[in-house]
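Put the two chains together into one complex, using the hints given.
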Amino acid sequence: SQQGEEDPQALSIQEGENATMNCSYKTSINNLQWYRQNSGRGLVHLILIRSNEREKHSGRLRVTLDTSKKSSSLLITASRAADTASYFCATAPRGQIGNEKLTFGTGTRLTIIP
Amino acid sequence: GAVVSQHPSWVICKSGTSVKIECRSLDFQATTMFWYRQFPKQSLMLMATSNEGSKATYEQGVEKDKFLINHASLTLSTLTVTSAHPEDSSFYICSAREDVKRNSPLHFGNGTRLTVT
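Protein sequences appear in the order of chains A and B. For the first sequence, the working numbering assigns the number 1 to the initial residue and increments by one for each residue that follows. For the second sequence, the working numbering assigns the number 1 to the initial residue and increments by one for each residue that follows.
Source of the hints: derived by calculation from the structure; they are not laboratory data. The structure presented is a predicted model; accordingly, all values stated were derived computationally and were not measured. Heads up, a few of these hints could be off.
Unchecked claim - Quick list of in silico lysine-lysine cross-link-like pairs, DSBU-like style, CA-CA up to 30 Å: (1) B:K41 - A:K26; (2) B:K14 - B:K41; (3) A:K56 - B:K101; (4) B:K41 - A:K101; (5) A:K101 - B:K55; (6) B:K101 - A:K70; (7) A:K56 - B:K41; (8) B:K64 - A:K101.
What the hints assert, rightly or not - Which bits of chain A does chain B cover? Going by a derived footprint, with three or more residues having C-beta under 8 Å, they are: (9) 68 to 77; (10) 101 to 113.
Ideal placement from N, C-alpha and C gives every residue a C-beta, glycine not left out.
Isolated chain B, as found in the complex (with noise of 0.2 Å):
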């Protein structure tokens, strides 16, 4: 079946560094991705929408000029979190759709924790 894979799946950063997380669509074509967050025990909250070869699609209330969204290839999205701050601290998690089957369920993948001390 499809697979999204995120990296790294946890990471520990300083205040005021950046963090870089990689999603990408291991046997399928994503001309669109997703990246969410989510605190803990609470549900997913969509931050913006990825689209290869084109500005991303940010959600109200979110900084694109702190969340940049690259979509380089049709497999691969990265989100960097920049001058990450403790209040960034939160699990992120990807999710992309195949090209080819348009009203198939999103792929996720298995999110990344981000800490930042």
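Here chain A stands alone, though its shape is the one from the complex (with noise of 0.2 Å):
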């Protein structure tokens, strides 16, 4: 079943400046994880992060994690054009073992304008 609503699910920015992506879910988990799917094309890993952090950096990307508001968010800074891309937020629900049975959100589509 999907649990997790993304917002906006469409988003055009100009090159250059930041994309701010927002993931709710409703029940507990284990972690959370953002990915990106290029059109027509699978999904690439970008972040995860784990039920007992509130914030992770890698790169350009910032993610945050709420559980106690069961939301999550996904700041994309510097946006260059080759970020146009349909971006996702996944969550393992707790007392999963790895990573198995993921469930997706429904996507926000991000264009950069150059």
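Right, dumping it as structure tokens:
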């Protein structure tokens, strides 16, 4: 079942600006992950944040997690045209071993305008 | 890095025929692989969990006789869409987790676009 909701559904920004996407989920989680999907391709893992972490950085990416609100955000700083893609959050339920059976959010389609 | 190869990348078939999609982990062993389905501009829906040497576990609402899954080795899982119909047209994606890195992220194939005419 689909438990993650992301907003906005679509986002268009100028190159160089920052892009923020949000994800909400419903059940208790072990970790939350963000993936990117270029049109018609598979998913590429971007970053994983554990339930006991509140913020994580990786290059131009910054992820926050608020387990009390069951929400996460992905910030992409200094956006580039190559960042144009769909971004999905995915949750691994608490109690699950490893990262099996991820539940994906509805996704945000990000367009970077050169 | 770990690579998952999915083949074919696209296929067109006639109604009533069967189509086999392969998912291979190229440089790691994967006891568990996952098959997803994605409709245009929508999220990924987990169809089934493929387990090497045992039966696949299907999600609720997924017909196991329609979507046959075989995981015969530690590096290969196949999804066969049997007696395909136009409503089976979709984007199918597989993923795999490295056995030796139980907490590592999943690695995804590039997907297969199936069009049933």
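Comparing the hints with the structure gives:
In summary, the hint linking B:K41 to A:K26 is supported, as the alpha carbons are separated by about 22 Å, within the 30 Å threshold. For the suggested pair B:K14 and B:K41, the alpha carbons sit about 24 Å apart, so the restraint of at most 30 Å is met. A threshold of 30 Å between alpha carbons decides the hint, and for A:K56 with B:K101 the separation of about 21 Å falls inside it, so the pair holds. For the proposed pair B:K41 and A:K101, the alpha carbon gap of about 21 Å is at most 30 Å, so the pair holds.
Proposed proximity of A:K101 and B:K55 is supported: the alpha carbons are some 16 Å apart, at most 30 Å. Proximity of B:K101 to A:K70 is assessed by CA-CA distance (about 27 Å); at most 30 Å being required, the pair is judged to hold. Between A:K56 and B:K41, the direct Cα distance comes to roughly 28 Å. Compliance with the 30 Å bound is thereby established for this hinted pair. Taken as a hint, the B:K64 and A:K101 pair is honoured in the structure, with Cα atoms around 17 Å apart against an allowance of 30 Å.
Interface restraint, the region 68 to 77 of chain A with chain B: violated (0 residues with C-beta to C-beta distance below 8 Å; minimum three). Counting residues of the region 101 to 113 of chain A whose beta carbon lies closer than 8 Å to any beta carbon of chain B gives 8, which reaches the threshold of three, so the coverage claim holds.
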